[in-house]
Structure formats: structure tokens, C-alpha cells
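Visitor: Below, each chain spelled out in residue letters.
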Amino acid sequence: MIMAASSEQIWKPYYPCDYYKQEYSDCTTVGHRFHSYYVYGEKPECGQWKKDYEACTAWMKTKSEEAKQELLKVEDRHLQQKYYVNPVWPRRVTPPKDWYLPVEEMRQKQKLQQQS
Amino acid sequence: MYKDRHFSCEPCSYQVAGGFDPQANQVVLCQNIISSQGMMNRVLTHELIHAFDHCRGKVDWYNNLQHVACSEIRAANLSGDCSFSGELRRLQLKGVKKHHQTCVWQRAKDSVKVVRNCTDEEAARAVDSVWDTCFNDLAPFHKIPRNKKDAIRAARFRYDYDI
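Residue numbers (numbering that gives the first Met the number 0), protein chains in the order written: chain A, 0 to 115; chain B, 0 to 162.
Don't take every hint at face value.
Heads up, simulated DSSO-like pairs for lysine-lysine below, C-alpha to C-alpha not over 27 Å straight-line [what the hints assert, rightly or not]:
#: 1; chain 1: A; residue 1: Lys42; chain 2: B; residue 2: Lys96
#: 2; chain 1: A; residue 1: Lys20; chain 2: B; residue 2: Lys57
#: 3; chain 1: A; residue 1: Lys42; chain 2: B; residue 2: Lys148
#: 4; chain 1: A; residue 1: Lys110; chain 2: B; residue 2: Lys57
#: 5; chain 1: A; residue 1: Lys42; chain 2: B; residue 2: Lys57
#: 6; chain 1: B; residue 1: Lys93; chain 2: A; residue 2: Lys81
#: 7; chain 1: B; residue 1: Lys57; chain 2: A; residue 2: Lys81
#: 8; chain 1: B; residue 1: Lys97; chain 2: A; residue 2: Lys108
#: 9; chain 1: A; residue 1: Lys96; chain 2: B; residue 2: Lys57
Rather than coming from a laboratory, the hints here were simulated on the basis of the structure. Keep in mind that this is a model prediction, so the values were computed, not measured.
Pulled out of the complex, with its shape left as it was, chain A reads as follows (with noise of 0.2 Å):
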């Protein structure tokens, strides 16, 4: 068995190709279609999932540098969505402090605040 021991061959996408190809199945049904004329008023675009999905099986196949660039560009937009902060309030770095505080005991101290 031959080792592992160039980087390359440890990377890992970081969503499974799957996801892209069932998000390219999903976007060209009928429902979805009629839930994106509903929502936006528009056709839905659908060529993407199948690029991305492309660009992940092309990896997958070669498992050269180019297709791996390919593929890290793909995965960029997507995990920009997942780190988008939404500006309108200040953002938590943390849940609030409280919110395991059983009930009674948040009342007693909200009380006693309110008191003071």
C-alpha cells in the first residue's frame, strides 16, 4: 500500500459531490421551477450546480492541482454565503449569557435589576 505523502492527496473537498448534483436535480423540477416564479418571478438558474458539480467529479477523476484550484473556487462562493454576517445588528460572538439560566432565576434577577 502506498502512503500518502504528498499535501495534495490529503485534501479533502469540503462538501461531498453529492450535494451539488442533488442541488442540480432539485433546481430543474417542476416544484422548484413554480416555488422560484412564485418567489422571485423568475426562472431559476440552474446551470451552476451543474458546474460546480462538474468541477467536483473532475477532482474527484484527476485529482490534479488545476481541477482542485477549480474546485476551491467553487467551494469559496459557497462558504462566503455561510460566512455572510447580516449587518443590521451588531453581531454575537457568543449566545447570551442567560440562556441556560433556568426561568425563576433569570425573573429573580431581572426583578432585582429592575429594583436597583
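Please build the complex by placing chain B on the supplied structure of chain A, with the hints as guidance.
Guide: Okay, now just chain B, sitting in the frame of chain A:
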């Protein structure tokens, strides 16, 4: 979230089906209003969007109309509140094209009005001011889910797993 800490099932006196209490950090479900599994799913999703926003942002529920409007737009957009079949059933469909957006806008405005007890104009202005940003903020989903089956896979690209 824990069933016995973050959810409260209680009788409600208003016409609403549920709410999110940011002081108690609880999703409130109105036991006397919710009458079907489908409705429960919708109300839960709607209130969970508020809980999600409360956890990821410093939302000023009591003083900032724009914050409230933003969360209401998202909750109406992503919970199935404005699904085609729902709107059809409620005889609210005046047209099909982009009706979803009309419905979301209307519901968001009405929710802001009820929750903050403000005028129709103030609510409309708040909703309009954050519309573009908030209608397009689909977190935790990567697309607007069109039904329950769709929703299970609609968070894949943001959370790397199915809901």
C-alpha cells in the same frame, strides 16, 4: 435548545399562534390556537428563526423597529408562512408571480405593528428600510425551503449536514 427550558406551551389571549420571549429566552406556543401538525411546524420554524437571530446577534427587540422588522421578514420568508398552498387556502392569492414577497412584506409589517404597538406607517417604513438585506439573509438555510422535505436539505451548504 432544551424542550423543558426553551419552549413553553400555554394558552394565549391574543390572536397570534406563538411568540419568542427574549427576556425569558423561550419560544411560546399557543396551545389554544395551534390546531394541526402543519401549523405547529410553521409556528415553530417561525419562532425558531427569532431565537436563532437572538442567539447570533444583539437584537434590540424592545427599542429598535428595524431589528424587529428584519427578524420578522426572515421568519415570514423562511418558515412557510407564505407558502403557495397556504396562501391559496387562505384565499390571499391575488396573483402568483412574486406573491411570496408581497405576503412576506405584509406579514412582517403586521407582526411589527402588533409586537411593538406602533403605527402602520412606522412598521411599513421599518420593513422597507431593511427589506433588501433581510429578505436575502437566508441563514441558517442556503435557499428558501419550499416544503418540509426541501427544508431538511436546505441548510446543507451552511451547516454541512441535513437538519
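Visitor: Looking back at the hints listed earlier, which ones does the structure fail to meet?
Guide: Numbers 2, 5, 6 and 8 - these are the hints that the structure violates, sorted from lowest upward.
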